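Student: Listed below, chain by chain, are the residues.
Protein chains: 2
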Amino acid sequence: MKKTTLGPQTLIYPMPACLIGADVDGKANFMTAAWCGIANSNPPMLTVGIQHHRYTYRGIKQNMVFSVNVPTESLVDQTDYCGIVSGSSDDKAATCKFTVFYGHLQNAPLIEQCPVNLECKVVHILNLGSHALLVGAIEETHVSPDCLTDGAPDARKIKPVIYGSGAEKCYFGLGEMLAPAFSTGKQLKKKG
Amino acid sequence: MKKTTLGPQTLIYPMPACLIGADVDGKANFMTAAWCGIANSNPPMLTVGIQHHRYTYRGIKQNMVFSVNVPTESLVDQTDYCGIVSGSSDDKAATCKFTVFYGHLQNAPLIEQCPVNLECKVVHILNLGSHALLVGAIEETHVSPDCLTDGAPDARKIKPVIYGSGAEKCYFGLGEMLAPAFSTGKQLKKKG
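Those protein sequence lines, which keep their order, are chains A and B.
6 is the number of the first residue of the first sequence in the working numbering; add one for each residue after it.
6 is the number of the first residue of the second sequence in the working numbering; add one for each residue after it.
What the hints contain is simulated information worked out from the structure, not anything from laboratory work.
Any given hint could turn out to be false.
Since the list gives no way to pick out one identical chain from another, each pair is judged satisfied if it fits inside one copy or across any two copies.
Keeping only pairs whose Cα atoms sit at most 25 Å apart, straight-line, the calculated BS3-like set for lysine-lysine is [to be verified]:
#1 K102 x K164
#2 K32 x K8
#3 K174 x K194
#4 K66 x K174
#5 K174 x K164
#6 K126 x K194
#7 K66 x K126
#8 K164 x K7
#9 K174 x K32
#10 K162 x K7
#11 K191 x K32
#12 K191 x K7
#13 K174 x K8
All values derive from a computational prediction rather than experimental measurement.
Using the sequences and the hints, build the whole thing.
Tutor: The following block contains the structure:
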């Protein structure tokens, strides 16, 4: 089957829709980011790509810390809102009725309604062009107790928001479990 | 609601399960990676975190190019297999019956059965500890024609594999559409 070439495109599937938090001039602000992913296991680190002019980025540079908040399905409107409105013109946390709390890092604002919250310290910034790529060391993880199963975070209870780019820019929920990881592939191993 | 703290954890939801391709000593090899994400829009770039000892990484350093292949649900066993077996002991492309092709970069192997393939040139390598973080410039995108709608990639046709870490390490499918992006949040905007 011949493939169709589309030129360079930012098309990884799936992508998250996370809420990145920072105190800007001492006040909590949040922006939505799909350009993020885990970068390192030990120590735990992640990346977030943020446009240089973003209001949230100003706060990140002020404190060199930020948060990554994983929204749940019922927050899809708030997640979208934080991606289309700038904190320079609105108190987004108030509009979205977010309950903001602080953890270990003290000035990385966290959203109580989001089932997973990561507190991060900036360890690298790369200027890649349109975006600054932040590498953050994950310093603490907060999870809503009702999203834990036997003490571990449970994706089916978290119900994350998945960003789908392409033909229709929209948010999806998590679907059915397909197979167990580090297991289902073993059946392909050659015998003997 | 009081949150439970878990210490530093690599918990972004959702995470992809991509197949990273490289020619190692001239032969196509693929490994599974959940530690990846988009980094920059213009020019399009992505990140992949890879453990230093990985066989695939050897090939990436040889050619300074790699591919990111987005598997579809029916490839979940192959996707898992490429994460649990090393190319040093098996011809994974043969075992998985992948049809390998090459595009613009000539030595970044692509998997025809994967609906989306990105060809990448390494532009940065950061040693973060357990993993090397590769920043790749996306040079070309290949999409299976049957996964396009009006010429654009369609997540519902691509049916990507979603990696879920935590209580159960498993793969999920894409769920229902929740809401349109850059739109559903507008209803939260203050009137007047």
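Student: Could you tell me which of the hints above the structure violates, numbers in ascending order?
Tutor: 4, 6, 9 and 12
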